[in-house]
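J.: Sequence:
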Amino acid sequence: MSTVEETHAAMAPGEETRAAMAPGEAVAALVSRAGRRDPYPLYEALRAHGPIVPVRPGLTVVVGYAEISRALRDNRLRVQDAASYDVIYPRWRSHSSLRGYTDSMLYRNPPDHARMRRLVSSGFTPARVAAMRESVERMVHRLLDRLADLGAGGAPVDYIAEFASRLPIAVISALIGVAEDDQQWFRAMASDLTIALEGITNIGRLGTADQAMDELAGYFGDLIEHRRRHPADDMLTALVRAHDDGGAGLGHDELVGNLMLLLTAGFETTSFLLGHGLRLAFEHPREAARLRGGDPDRATAYVEEVLRYETPVQATSRWAEAGMELLGTPLEGGTKVVLMLGAGNRDPRRFPGPTRFDPDRPDIQPLSFGAGPHFCLGAPLSRMEARIALPLLLRRFPALAAAEPPDHRDRWVGRGLRRFLITVS
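According to numbering that gives the first Met the number 0, the sequence shown is numbered sequentially starting from 0.
Derived from the structure by calculation, the hints contain no laboratory data.
All C-beta atoms, glycine included, are put in the ideal place defined by N, C-alpha and C.
The reader is advised that the hints may include incorrect statements.
[What the hints assert, rightly or not] For each label pair, taking beta carbons as the anchor points, the in silico distance ranges come out as:
(1) ARG228 <-> ALA129: 25 to 33 Å
(2) ARG418 <-> PRO284: 18 to 26 Å
(3) ARG137 <-> ALA400: 21 to 29 Å
(4) PRO284 <-> ASP37: 18 to 26 Å
(5) ARG418 <-> ASP213: 37 to 45 Å
(6) SER424 <-> PRO404: 15 to 23 Å
(7) ARG395 <-> ALA178: 21 to 29 Å
(8) GLY333 <-> ARG204: 21 to 29 Å
Throw the hints in and build the complete structure from the sequences for me.
T.: Take a look at the structure:
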C-alpha cells in the first residue's frame, strides 16, 4: 500500500483529520485504489480548505456546489481541448481514444462546440424524448422477462450485465440506428472506450481504450456508408446528411467522434444510475416500497436523489486560458480547474445532511449532468429510463434481493457498479 493509500485508509471522519490533509495529498489519493473505492472522505478533506482549493501552480479544484455551478456557466473557462492536451500531455495524439474524443463536442470550445451541439441536439428534443417513452417501456418489459428466465428457481443473476447495461445500450442504439444484433458487442466496446473519459489519470490503460476506439471507428465508418445508401428515421441518418451537406455541417472525424460520445455517454452514465438506484433501494426498503406504488413524482424524486448521492460522473474539468478570478479566487492563465461534481452534490451548504439518502429533500437539482453550454444533451433520456425502469423492476419482482454485495468499478471519474448479483424469486 502506498503512502497516499495508507493516509486515506487511516483517515477518521473528524474535522481535525480532514483539515490536516494537504490538498495535494487528497487529490493524489483520489486516483489511488482506496480513493477510487470511496472518494467522499477525500472530498471533505478538500472542503476543509474551502470551496475553491488551489492545489499547486496550474491546478485548482472546486468542491462547492455554488462555485461549481458558476464555473460551469463561466464562458472564460474552456473545456479541455487539443490545445490544452498539448500542454499537459504532449504525447496525447499517440492515443486514438483521446484523438477521437477531441473530435467530439465534449472537448470543443466555441465556435465549434455550438455548431456541433446544434446539429446533434435535434435527436434530444423534448418531443423526441417523450416519443421514445413507449419504446423504452417495451425494452424494460422485455429485459424483465429475461431476468425472470435467467433467475428462475432462485439462480443469481448479474443485474448490471443483464439489465442496467442492456437497457441504455438498447435505447441509444435505437436512437442512433444500430442493429440489435450488434448491441452486446457495442456494450463491451463502449465500456473499454470510456477509460479515455478518465483523461490521463490512468495512462497505462489507454491502450485498451485505443483498441476499442479503432474498432468502433471502423464499425461506424461502415454504418455511415450504409446509411448513405439506405437512409432511415434515426439520428445517424440526420448526422450523415449534416456531414454530406457541407457548409456548417460535420467533418468525417467530427461525425465519428460525436457518435462515439453519444454511444458512451448514453450508455455508462445511465448504467451507473440504474446500478446505484437498485443498490440504494435495497439499502432503503421504505423507499423501495414507495417506488413500487407507481407514483411518477416519487420516481422523479428518487432518481434525482440517486444522482445527487452517487453521482455517475464524479468530475469534469475546465481550463483558464487567461488569468482571471473565480468568485474571488485568482487563477493564472493555463490553470486546470477540476470541478468535483460528486463533492458539490454533497456540499452541506446546499444539501443539509448530505450523507443522508433522502428523496424527500426539497429542490434537489444535482449537478450530475453539468450545467451551462456543456449540459449533457442526453440527461432527459437518462432520467426517463431510470424513472421507468426502477419502479417496474421492483413491482415485477416483489422478492427481489441482493445475492451478494455489489462490486464497484475501479475508477474515480466514472463511478458505477461492475457486477451486482441479485435473485428475482
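J.: It remains to establish, for every hint, whether it holds in the given structure.
T.: To see whether the hints hold, each was checked on the structure:
Take ARG228 and ALA129: their Cβ atoms lie about 31 Å apart, and the range 25 to 33 Å holds. Checked against the hint of 18 to 26 Å, the C-beta distance between ARG418 and PRO284 comes to roughly 22 Å, which is consistent with it. Look at ARG137 against ALA400: about 26 Å separates their beta carbons, and that is inside 21 to 29 Å. Restraint check, PRO284 to ASP37: a C-beta distance of roughly 23 Å satisfies the suggested window 18 to 26 Å.
Judged by the Cβ atoms, the range 37 to 45 Å given for ARG418 and ASP213 is violated: they are separated by roughly 27 Å. A C-beta distance of roughly 20 Å is found between SER424 and PRO404, which places it inside the suggested range of 15 to 23 Å. Between ARG395 and ALA178, the C-beta spacing of about 27 Å keeps the proposed range 21 to 29 Å intact. With their beta carbons about 27 Å apart, GLY333 and ARG204 fall inside the hinted range of 21 to 29 Å.
Taken one by one, the earlier hints fail for this structure only at number 5.
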